[in-house]
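Please work from the sequences and hints to get the whole structure.
Number of protein chains: 2
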Amino acid sequence: VINASACGVIQEAARHEGVFTGILGSHNGILGVLHEDLFDLTRESSRTIDDLRRTPASALGSCRYKLKDLDADRADYERILEVFRAHDIRFFFYIGGNDSMDTADKVSKLAADSGYAMAAVGVPKTIDNDLAETDHCPGYGSVAKYLGAAVMEAGRDTEAMYTTDSCAVLETMGRHAGWIAAATGVAQRTPEDAPHLVYVPEIAFSIEGFVADVKACLDRVGRCVVAASEGLVNDQGAYIATEAGSFSTDSFGHTQMGGVGELLKNVVEADVGVKCRYNKLGTCQRTAMHFASRTDVDEAYLAGQAAVRAAVDGVTDKMVTLLREGDGPANYACRTGLADLRAVANGEKLLPRSFMNEAGNHITDAMRDYVVPLMRGQADLRVGEDGLPVFARLARRAVKQKTGRSYSITQP
Amino acid sequence: VINASACGVIQEAARHEGVFTGILGSHNGILGVLHEDLFDLTRESSRTIDDLRRTPASALGSCRYKLKDLDADRADYERILEVFRAHDIRFFFYIGGNDSMDTADKVSKLAADSGYAMAAVGVPKTIDNDLAETDHCPGYGSVAKYLGAAVMEAGRDTEAMYTTDSCAVLETMGRHAGWIAAATGVAQRTPEDAPHLVYVPEIAFSIEGFVADVKACLDRVGRCVVAASEGLVNDQGAYIATEAGSFSTDSFGHTQMGGVGELLKNVVEADVGVKCRYNKLGTCQRTAMHFASRTDVDEAYLAGQAAVRAAVDGVTDKMVTLLREGDGPANYACRTGLADLRAVANGEKLLPRSFMNEAGNHITDAMRDYVVPLMRGQADLRVGEDGLPVFARLARRAVKQKTGRSYSITQP
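So the sequence lines, in the order shown, correspond to chains R and B. Mapping to the numbering used here: the first sequence position 88 is 88, numbers consecutive. Mapping to the numbering used here: the second sequence position 199 is 199, numbers consecutive.
No lab work stands behind these hints: they were computed from the structure. Keep in mind that a hint or two might mislead.
Where chains are identical, the list cannot tell them apart; a pair therefore holds if satisfied intra-copy or between any two copies.
Unchecked claim - Distance condition first, Cα-Cα at most 25 Å in a straight line; then the derived PhoX-like pairs of lysine-lysine:
| hint | residue 1 | residue 2 |
| --- | --- | --- |
| 1 | K275 | K68 |
| 2 | K68 | K109 |
| 3 | K109 | K66 |
| 4 | K275 | K66 |
| 5 | K109 | K402 |
The structure is reproduced here in C-alpha cells:
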C-alpha cells in the first residue's frame with residue numbers, strides 16, 4: 001500500500017496550490033535524488049494517480065540504499081542538497097520502514113544543519129509491522145488479511161486431503177518480528193480450522209517441541225496446518241533455517257536445507273512420519289492487492305495526507321503515526337499522530353509475549369483483538385476483460401536535470 | 001470448485017423428488033463407500049448446501065485410492081455392491097480427475113455386470129485441466145485467475161525492487177501438463193508485465209536456454225519474472241527438479257535441491273549473477289476461493305446439475321463434459337455434453353504446442369483466447385467480521401450402517 005500513501009501525498013499536495021509549486025517523484029527512493037532521476041507527477045493523469053490506491057508495490061520504485069553517517073562520508077549528503085537546491089525542493093516525503101526513516105531523518109538533519117529550509121516528514125509502511133512509535137503500520141493489515149485467507153484455504157485443502165496429505169506448513173515473511181505469522185492465527189475460528197499451530201521469531205523454537213505439538217494436533221484433529229515465520233530462531237538465537245541453497249543441521253542431526261517451510265516439512269515427514277506439504281507465498285504475500293484490506297488502504301492514504309498537512313503546518317523531522325482509538329475491535333477507530341524520525345529509525349517493535357499463548361504455539365485473544373480491525377473491508381479493485389486486476393503504471397515524465405553533472409554512488 | 005459441483009448435484013437431485021428418495025454423501029470418495037461411512041445430505045441446512053458454492057476444496061473429503069482391476073481383486077467390488085444394495089443406492093455421482101473417472105467407470109461396469117440397476121455419472125474436476133474429451137475442466141479457470149493475479153502482483157514487486165531483487169520465479173502446479181503455468185501468461189498484457197518467461201512440461205527444458213532467456217530479458221526490461229511448472233523435464237524426459245529433500249544435478253554440474261522454483265532461483269543467482277526470489281504457492285493455489293472465477297464456479301455447478309439430469313434420463317457410464325461455443329473469447333458460451341468414462345479415464349490432454357511460442361518460453365494468442373473466458377468474473381464470497389472468508393462445513397450426519405460388518409481395505 002505504499003502507492004496508496006503516495007496517492008494521499010500527491011492528492012493532498014495538489015490541494016495546497018499556494019504552497020506547492022510542483023510535485024516530483026524520486027525514482028527508486030533516495031537513489032532518484034542522488035541520480036537526479038526525478039519524475040513530474042503533475043503530468044500524470046488524475047486517473048493514474050487515483051489508481052495508485054489500487055496498485056500494489058511501489059510505482060516510483062524502491063531501494064535498499066542506506067546513507068552513511070554524515071561523519072563518515074559527506075559526498076552523498078552534498079549531492080542530495082545540490083539536487084534539492086537545483087529543483088527548489090522544500091518538502092521531502094519519504095515512505096517506508098525504519099531504514100527509510102533513518103534516511104528521512106538524516107536528510108532532515110542535513111537540511112537543518114545547512115540552513116536549507118525544508119520539511120522532511122516520513123510516512124510509515126512495512127508489512128513487517130515492526131516500527132516503533134506507531135500502533136501499527138500501513139501494509140500490515142493487508143498482508144494479515146491475505147495470509148489469513150490463504151492459510152484458511154490451505155486448511156480446507158488439508159481437511160479434504162488428510163487421508164494422504166495430513167500436514168501443511170505455510171512459511172510467512174518476518175525475519176525478526178512475528179506480526180505476520182501471528183496474524184494468520186485469526187483464521188482459526190474453531191479448533192477444526194487452520195492454522196493449528198503458529199510460530200514466531202520472538203519465541204525460541206525447538207524441533208523437539210514442534211514434533212510434539214504436531215503429534216498432539218494430529219491426535220486431536222487428524223491433520224495439522226502450521227504457520228511459521230521465516231525468521232524462527234533456536235534457543236541460541238540462531239536461525240533454524242538458513243537461506244535456500246545452504247545447509248543447517250537440526251537438533252536431531254538431520255541435514256536440512258532451504259527455508260523454514262521446507263525444513264519443517266522435512267521434519268514432519270522424518271520425525272512424525274506423515275506426508276507434509278509446504279507453501280511459501282514469498283513476494284506474493286506483500287503485493288496481494290486482489291484481497292487487500294480496505295481499512296489498511298484507507299489508513300495508508302490517510303497517513304500520506306497527514307504527512308502533507310503536517311509539513312504545510314511547519315512540522316519537520318517527524319514520521320506520521322497511526323493511533324488506535326476506541327475500546328476493543330468493535331469500536332476501533334484510527335487517527336494520526338507524529339513521532340520523531342530518529343526514535344522510529346532506532347526502534348523496533350516486536351510481538352508482545354502476551355499476544356502468544358503460554359505454549360508459544362498460537363495466538364491469544366489480545367492478538368486477535370489487535371489485528372482484526374486492521375483486516376476489515378476489501379480494498380477496491382479494478383478488473384479487466386481478462387478477469388485479472390488492472391493496476392496503474394506511472395508515465396514517469398522525466399524532470400529535466402539541472403545540476404549539470406552525474407553522480408556515482410559508492411554502494412551498488 | 002468440487003463443492004460447487006456437489007452443490008449442483010445436491011440441489012438438482014432435490015428437484016427430482018419422485019426419483020431420489022434420499023441424498024447420501026460418501027466420506028472421502030470411494031473410501032466412504034468401502035467403509036460404509038456415509039452422510040445424510042438431506043439433513044444439512046439449505047444454507048450450508050448453498051454455501052458449498054463458495055467453499056474451497058472438498059467438503060466431503062477426498063482420497064487417492066485406486067480400485068484394482070476386477071480380475072485382480074474382487075473384494076473391493078463386492079463390498080461396494082454390498083453397500084449400494086444395503087442403502088438402495090441407484091445413482092452414483094463421482095467428481096474428480098481421471099483416476100476418479102476410472103473409479104466411476106469400474107463401479108458402473110460392476111453394477112451392469114452384476115445386474116444391479118444403477119446409473120454412474122462422472123463430473124469433471126481438476127485444476128490440472130488435463131482431462132480428455134472435455135474442452136476444459138472445472139477448477140482450472142479459478143487457478144488460472146488466481147495465479148494470473150499472483151504473478152501480476154509479484155511482477156509489480158520485482159518492478160519496484162529491481163535495484164536489489166532483479167528476478168523472481170513462481171513455481172506452479174502441473175506435474176505433466178502445462179495448462180496452469182501457461183495460464184499465468186495472460187497476466188502479461190504489455191512487455192513490461194510479468195510473467196516475462198513461461199515454461200511448461202510439454203517442452204523440454206534446458207538450463208542453458210533458460211539462462212540465455214533470463215539474460216535477454218534483463219537486457220530488455222531490466223528485470224525478469226518467470227512462471228514455471230513444477231513438472232519441467234529435460235530433453236531426456238527426466239524431471240529437472242526432484243522432490244524437496246533429495247538432490248539432482250543440473251547440466252552445469254551444480255548440485256541442486258528442492259522444487260523447480262528453488263532450483264531456478266539458484267540457477268539465476270549462480271549463472272546469471274543477480275539476486276532471485278522464488279514463490280511456491282503450493283496448495284494455496286488450488287483453494288484460492290477468495291479470488292475464484294465466477295465462470296468456473298458457475299460451470300462447476302452446471303456440470304453437477306447436468307450429471308443428475310443425465311442420470312435421471314437413463315444415462316450411465318458417462319462423464320459430463322464442457323463444450324465451448326461461440327467464436328472467440330468475446331462470444332464464449334459453454335454447454336454440457338457427455339463422454340464415455342473409459343475414454344476419460346484412459347486419456348490425458350496436454351497443452352497443444354501451438355499454445356506456446358516457437359521459443360517455448362511464453363504463450364501465444366491461441367492460449368490467451370482459450371483461457372481468458374474461463375477466468376472472467378469473480379465468484380461470490382461471504383466475508384466475516386474479521387475480514388476473512390466464511391466457508392461452509394457440513395454437519396456430516398452419519399447414516400446408520402446397514403451391512404453389519406466393517407471392511408478393511410488392502411491399500412493404506
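So, going through the hints one by one against the coordinates:
1. Taking CA atoms no more than 25 Å apart as the test, K275 paired with K68 passes between copies only; the shortest distance there is 23 Å, against 49 Å inside one copy.
2. Proximity of K68 and K109 under a CA criterion of 25 Å is satisfied intra-copy only: 13 Å inside one chain copy versus 77 Å between copies.
3. Proximity of K109 and K66 under a CA criterion of 25 Å is satisfied intra-copy only: 15 Å inside one chain copy versus 71 Å between copies.
4. In this assembly of identical chains, the alpha carbons of K275 and K66 lie at most 25 Å apart only when taken from different copies (18 Å versus 44 Å within one copy).
5. In this assembly of identical chains, the alpha carbons of K109 and K402 lie at most 25 Å apart only when taken from the same copy (24 Å versus 82 Å across copies).
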